[in-house]
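S.K.: Residue numbers (the UniProt record's numbering), protein chains in the order written: chain D, 1 to 148; chain L, 1 to 148; chain H, 1 to 148; chain A, 1 to 148; chain F, 1 to 148; chain P, 1 to 148; chain E, 1 to 148; chain W, 1 to 148.
Calculated directly from the structure, the hints in this document are not laboratory data. Be aware that a few hints might be false.
[Said to hold, decoys possible] Over the 12 Å line for every Cβ pair with chain W, so calculated as not near, a few chain P residues:
#1 Trp15
#2 Arg16
#3 Asp60
#4 Ser64
#5 Ala95
#6 Val96
#7 Asp97
[Said to hold, decoys possible] When the alpha-carbon atoms are kept at most 25 Å apart in a straight line, the in silico SDA-like pairs for lysine to any residue are as follows:
#8 Lys134/E / Lys148/W
#9 Lys134/W / Glu61/E
#10 Lys134/L / Phe145/P
A virtual CB, placed ideally from N, CA and C, is assigned to each residue, including glycine.
There are 8 protein chains.
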Amino acid sequence: MELNVYLAGQIHDDWREEIRQKAEEMELPLHFTAPMENHDRSDNIGEEVIGQQPDKILKDEAASSLNNLRTQILMQKADVVIALFGEKYKQWNTAVDAGTAVALGKPLILIRPQELHHPVKEIANKAQVVVETKEQALQALSYVFETK
Amino acid sequence: MELNVYLAGQIHDDWREEIRQKAEEMELPLHFTAPMENHDRSDNIGEEVIGQQPDKILKDEAASSLNNLRTQILMQKADVVIALFGEKYKQWNTAVDAGTAVALGKPLILIRPQELHHPVKEIANKAQVVVETKEQALQALSYVFETK
Amino acid sequence: MELNVYLAGQIHDDWREEIRQKAEEMELPLHFTAPMENHDRSDNIGEEVIGQQPDKILKDEAASSLNNLRTQILMQKADVVIALFGEKYKQWNTAVDAGTAVALGKPLILIRPQELHHPVKEIANKAQVVVETKEQALQALSYVFETK
Amino acid sequence: MELNVYLAGQIHDDWREEIRQKAEEMELPLHFTAPMENHDRSDNIGEEVIGQQPDKILKDEAASSLNNLRTQILMQKADVVIALFGEKYKQWNTAVDAGTAVALGKPLILIRPQELHHPVKEIANKAQVVVETKEQALQALSYVFETK
Amino acid sequence: MELNVYLAGQIHDDWREEIRQKAEEMELPLHFTAPMENHDRSDNIGEEVIGQQPDKILKDEAASSLNNLRTQILMQKADVVIALFGEKYKQWNTAVDAGTAVALGKPLILIRPQELHHPVKEIANKAQVVVETKEQALQALSYVFETK
Amino acid sequence: MELNVYLAGQIHDDWREEIRQKAEEMELPLHFTAPMENHDRSDNIGEEVIGQQPDKILKDEAASSLNNLRTQILMQKADVVIALFGEKYKQWNTAVDAGTAVALGKPLILIRPQELHHPVKEIANKAQVVVETKEQALQALSYVFETK
Amino acid sequence: MELNVYLAGQIHDDWREEIRQKAEEMELPLHFTAPMENHDRSDNIGEEVIGQQPDKILKDEAASSLNNLRTQILMQKADVVIALFGEKYKQWNTAVDAGTAVALGKPLILIRPQELHHPVKEIANKAQVVVETKEQALQALSYVFETK
Amino acid sequence: MELNVYLAGQIHDDWREEIRQKAEEMELPLHFTAPMENHDRSDNIGEEVIGQQPDKILKDEAASSLNNLRTQILMQKADVVIALFGEKYKQWNTAVDAGTAVALGKPLILIRPQELHHPVKEIANKAQVVVETKEQALQALSYVFETK
Chain D
1 MELNVYLAGQ
11 IHDDWREEIR
21 QKAEEMELPL
31 HFTAPMENHD
41 RSDNIGEEVI
51 GQQPDKILKD
61 EAASSLNNLR
71 TQILMQKADV
81 VIALFGEKYK
91 QWNTAVDAGT
101 AVALGKPLIL
111 IRPQELHHPV
121 KEIANKAQVV
131 VETKEQALQA
141 LSYVFETK
Chain L
1 MELNVYLAGQ
11 IHDDWREEIR
21 QKAEEMELPL
31 HFTAPMENHD
41 RSDNIGEEVI
51 GQQPDKILKD
61 EAASSLNNLR
71 TQILMQKADV
81 VIALFGEKYK
91 QWNTAVDAGT
101 AVALGKPLIL
111 IRPQELHHPV
121 KEIANKAQVV
131 VETKEQALQA
141 LSYVFETK
Chain H
1 MELNVYLAGQ
11 IHDDWREEIR
21 QKAEEMELPL
31 HFTAPMENHD
41 RSDNIGEEVI
51 GQQPDKILKD
61 EAASSLNNLR
71 TQILMQKADV
81 VIALFGEKYK
91 QWNTAVDAGT
101 AVALGKPLIL
111 IRPQELHHPV
121 KEIANKAQVV
131 VETKEQALQA
141 LSYVFETK
Chain A
1 MELNVYLAGQ
11 IHDDWREEIR
21 QKAEEMELPL
31 HFTAPMENHD
41 RSDNIGEEVI
51 GQQPDKILKD
61 EAASSLNNLR
71 TQILMQKADV
81 VIALFGEKYK
91 QWNTAVDAGT
101 AVALGKPLIL
111 IRPQELHHPV
121 KEIANKAQVV
131 VETKEQALQA
141 LSYVFETK
Chain F
1 MELNVYLAGQ
11 IHDDWREEIR
21 QKAEEMELPL
31 HFTAPMENHD
41 RSDNIGEEVI
51 GQQPDKILKD
61 EAASSLNNLR
71 TQILMQKADV
81 VIALFGEKYK
91 QWNTAVDAGT
101 AVALGKPLIL
111 IRPQELHHPV
121 KEIANKAQVV
131 VETKEQALQA
141 LSYVFETK
Chain P
1 MELNVYLAGQ
11 IHDDWREEIR
21 QKAEEMELPL
31 HFTAPMENHD
41 RSDNIGEEVI
51 GQQPDKILKD
61 EAASSLNNLR
71 TQILMQKADV
81 VIALFGEKYK
91 QWNTAVDAGT
101 AVALGKPLIL
111 IRPQELHHPV
121 KEIANKAQVV
131 VETKEQALQA
141 LSYVFETK
Chain E
1 MELNVYLAGQ
11 IHDDWREEIR
21 QKAEEMELPL
31 HFTAPMENHD
41 RSDNIGEEVI
51 GQQPDKILKD
61 EAASSLNNLR
71 TQILMQKADV
81 VIALFGEKYK
91 QWNTAVDAGT
101 AVALGKPLIL
111 IRPQELHHPV
121 KEIANKAQVV
131 VETKEQALQA
141 LSYVFETK
Chain W
1 MELNVYLAGQ
11 IHDDWREEIR
21 QKAEEMELPL
31 HFTAPMENHD
41 RSDNIGEEVI
51 GQQPDKILKD
61 EAASSLNNLR
71 TQILMQKADV
81 VIALFGEKYK
91 QWNTAVDAGT
101 AVALGKPLIL
111 IRPQELHHPV
121 KEIANKAQVV
131 VETKEQALQA
141 LSYVFETK
């Protein structure tokens with residue numbers, strides 16, 4: 001048995017790469033997907049595919065249509081979703097993805113620093129598991145495969 | 001025909017009251033529901049119902065279990081969801097509710113100031129209608145009932 | 001028992017009004033909904049609600065976001081969908097609505113002139129009932145209520 | 001990860017072959033399905049399988065029952081649907097397939113020439129991505145697999 | 001609370017009228033629906049609505065499109081389905097309706113004479129309640145409303 | 001807005017009557033349903049409706065087919081489910097109903113004495129709200145209707 | 001692409017073996033499943049697994065619980081269902097399976113002799129394709145894979 | 001064809017190992033999953049992953065969030081669920097899992113000693129097959145694969 005894991009969260013640093021490496025070290029049968037992690041690419045993909053747009057709002061609309069195509073396809077194939085929240089950035093996409101995962105019946109693992117507990121409390125209550133570190137999230141998934 | 005409308009968004013000012021009044025003036029057959037709009041009540045409801053909690057995180061967990069009970073029941077009865085984003089506050093619940101609405105197949109009307117277009121772009125792309133003002137959101141709903 | 005009936009089809013003449021009048025004469029407990037039947041209003045509703053748009057494509061995009069809001073809400077409330085095809089107009093929305101109705105498990109009554117049989121054949125095969133006139137469509141619905 | 005892509009649209013020229021070739025050149029892990037692309041076969045398949053029919057309408061009904069069997073099976077296996085509209089032909093099946101895809105929660109990529117923007121506007125608004133060329137549609141799908 | 005009850009079964013005698021009368025005597029808040037109980041009407045409805053057909057098979061196809069329209073609409077509104085089997089008639093529609101009810105998650109009450117136990121055994125196993133008489137079926141429904 | 005509330009739990013004392021009375025005192029717009037609360041009736045209903053059975057197991061099978069008919073119909077109409085666990089009785093039906101409610105997407109309020117926390121921990125984790133008293137469960141539902 | 005095909009129908013002769021052989025000759029990528037085709041085994045399986053039963057009705061109930069387990073599992077894995085009706089036998093299971101397939105959204109191919117057109121007319125109207133021979137049913141499935 | 005089988009039930013002895021061994025001896029193509037069978041691990045997993053908790057209730061809440069993550073993922077992948085009840089233990093999780101399986105449309109095989117017939121009667125009525133031994137449960141699954 002393998003599990004598809006969608007990694008929702010900001011795309012400003014390489015936190016997903018850490019998760020991928022640790023999962024490999026732990027020899028977990030996990031297949032990870034994620035939004036486009038190259039931030040500039042994510043912002044420009046609309047114009048790259050559809051062509052130059054007349055203003056910034058339309059450039060954003062074009063980009064988001066492609067980013068959402070990606071998310072919709074990948075999340076439908078996911079068995080479980082990990083959502084990471086941090087102190088920085090608006091992270092509204094992370095919250096949207098978390099809400100979508102729960103509404104689709106996909107279990108949600110929330111990673112958030114304890115300091116964020118207040119604003120993230122309703123999301124934490126919707127999550128199946130709430131942890132503070134990426135290691136803990138992987139331990140939670142490891143537990144699904146262990147038998148002893 | 002009447003429509004149930006869930007009003008997702010921050011609970012720090014009385015923007016919902018404005019919508020309710022305008023809808024009444026426009027004589028629209030809309031029934032509005034919303035999260036608890038008394039912010040202190042929303043934060044304390046866990047301890048009010050379940051009793052005092054040992055720390056802030058558990059107080060928040062208790063409160064969010066009741067806030068989410070409310071949202072789950074009310075959103076399931078909604079025909080359409082309006083989500084309002086503004087410059088202030090984290091607004092993660094607004095984003096979660098927006099994602100939930102779309103995943104449940106309920107049409108989403110997004111109200112956001114144009115300045116927010118970049119961080120809210122993926123939500124805007126998921127919304128059925130994107131407007132900047134509360135009046136526009138009600139005009140959109142009014143259009144559903146008009147025939148000429 | 002009352003039935004909600006969504007009337008999909010072109011909005012260039014008053015065929016829906018004929019159906020409404022006949023249903024009233026037949027004293028059928030039917031409640032009809034439909035797309036905006038004022039064609040100019042349907043084309044301009046985007047700019048009316050959201051404001052002037054920079055070009056025709058964006059004007060159309062704005063209008064269609066409101067027209068689809070209307071269709072999504074009304075079709076979800078429909079118990080049965082009538083789709084009328086005629087010789088004129090592209091009628092792609094009629095076809096989209098027909099496909100949507102069937103995919104949502106809502107029974108479809110197709111009204112089409114016999115001359116159109118070839119291009120409309122796959123839609124006819126998906127429809128629960130295929131007729132040529134508006135009277136026949138109402139007779140089909142009348143049959144649902146009759147007991148003798 | 002591989003994706004199944006259903007190619008909805010007219011069957012009068014070989015536009016799908018172009019897409020298949022380009023996808024191969026781009027080494028995209030896509031598996032394409034489509035309606036019967038041999039137009040005569042598609043019209044005659046009812047009589048080929050079920051036997052000669054008494055008139056043209058019944059010949060069409062027989063053919064469409066087989067064409068819809070094919071579409072229903074293939075679309076249920078699709079992860080994403082591409083719908084191509086052009087200036088010619090009625091293209092009602094394309095529109096039905098587009099509506100079906102969206103109602104089934106499958107993301108829709110619409111290819112249409114800009115000149116068609118007005119009659120196709122509600123379909124465009126339902127699509128996740130709207131492009132003008134086959135290359136752009138494949139670039140959109142390529143983006144789902146890229147990570148940088 | 002009222003319950004909608006669809007009465008599936010043969011339309012050759014007035015067994016439904018007995019059920020309706022008894023339910024009234026028992027003052028049960030039940031609303032009954034059923035297929036067209038006038039057998040000739042049921043056979044001829046296709047030609048009545050759509051017009052004369054070239055042969056018997058097409059007359060039957062026309063009639064069944066209207067009978068199925070009726071069943072689809074009424075069964076979707078049903079809270080519970082009663083299916084009655086007897087010694088006579090093919091009763092394939094009864095079996096189809098029973099299978100449909102179970103697949104849609106609607107509870108099924110089966111009325112069948114004990115002599116039929118062998119051929120109806122798989123249907124009996126799918127039913128929520130199996131009884132031999134119409135009175136027993138109504139007692140089962142009465143139990144849903146009783147509190148003592 | 002009114003809410004339908006299914007009261008899952010043992011039927012050996014009159015805990016539901018307490019809830020009904022308190023809800024009335026609190027003037028909450030709640031409509032309660034429940035399993036048959038007359039324990040003997042619940043055990044004997046199979047033989048009452050279907051007739052005497054050859055042994056105890058078959059008597060139980062007959063009774064449970066009617067008890068489950070009741071539960072299935074009432075739970076499908078419920079907006080929210082309250083499940084009460086106590087120190088006595090096996091309470092397997094309570095647990096089954098709790099699992100069913102969550103799987104159907106209906107919010108679950110769990111009432112359990114704190115002493116039971118260990119064996120009921122997985123159910124508590126599935127519940128939307130966990131309380132210790134009937135009053136608290138009603139306060140939770142009251143909160144859904146309050147606005148200040 | 002391979003398709004799973006469930007073969008509903010009587011189990012008194014070897015019609016399924018004919019289909020399997022022809023499919024192999026035609027080199028169609030079909031995987032067939034079916035009810036237990038050994039009729040005695042199908043009748044006795046309840047007692048074989050669960051033990052001797054006190055009477056014939058209970059023997060049948062035991063057997064049908066196992067036959068339905070089989071059907072439920074296999075039909076959920078099916079992409080398409082073929083249902084064969086003939087002149088002999090009650091064939092109520094065939095009709096139940098046909099109704100179940102359609103309600104689950106699985107396309108149905110009906111094989112029936114033309115003489116049966118009247119009693120099977122509502123099932124025929126629900127089927128996606130209606131044919132008279134096993135060869136025709138396989139040609140219909142073959143068409144799903146052909147491209148020219 | 002392989003089947004995924006989730007083994008719900010107490011985790012105090014090695015009954016699942018017996019099932020696994022027998023299935024291997026019978027050469028059945030079954031893949032088994034289950035809750036964590038190491039009872040101490042199951043109780044402590046919350047603190048192992050998330051860290052030490054302030055009291056026993058919170059330790060249990062942490063553990064159950066991980067146990068439920070496991071169950072949710074594994075049950076969604078299951079084709080069929082076996083639930084074993086015995087004389088000892090509260091077995092509420094077994095009952096919850098049984099209710100969840102049925103609500104998700106997954107067939108349930110119940111293993112219970114005959115002595116338990118009364119308290120487990122409603123669960124037995126919901127199960128597709130009721131047996132007394134592990135061997136019988138495997139014979140039931142074996143029957144799904146047999147053809148003679």
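S.K.: Hint by hint, note whether the structure agrees.
M.R.: Evaluation of the provided hints:
1. Trp15: holds (18 Å)
2. Arg16: holds (18 Å)
3. Asp60: It is violated; Asp60/P is separated from chain W by about 4 Å at its closest Cβ, not greater than 12 Å.
4. Ser64: violated (4 Å)
5. Ala95: Contrary to the label, Ala95/P does not stay out of reach of chain W, its closest Cβ about 4 Å off (not over 12 Å).
6. Val96: Given that some Cβ of chain W is not farther than 12 Å from that of Val96/P, nearest at about 4 Å, it is violated.
7. Asp97: violated (7 Å)
8. Lys134/E / Lys148/W: holds (22 Å)
9. Lys134/W / Glu61/E: Roughly 20 Å separates the two Cα atoms, so the pair holds.
10. Lys134/L / Phe145/P: Holds, at about 24 Å.
The structure shown violates the earlier hints numbered 3, 4, 5, 6, 7.
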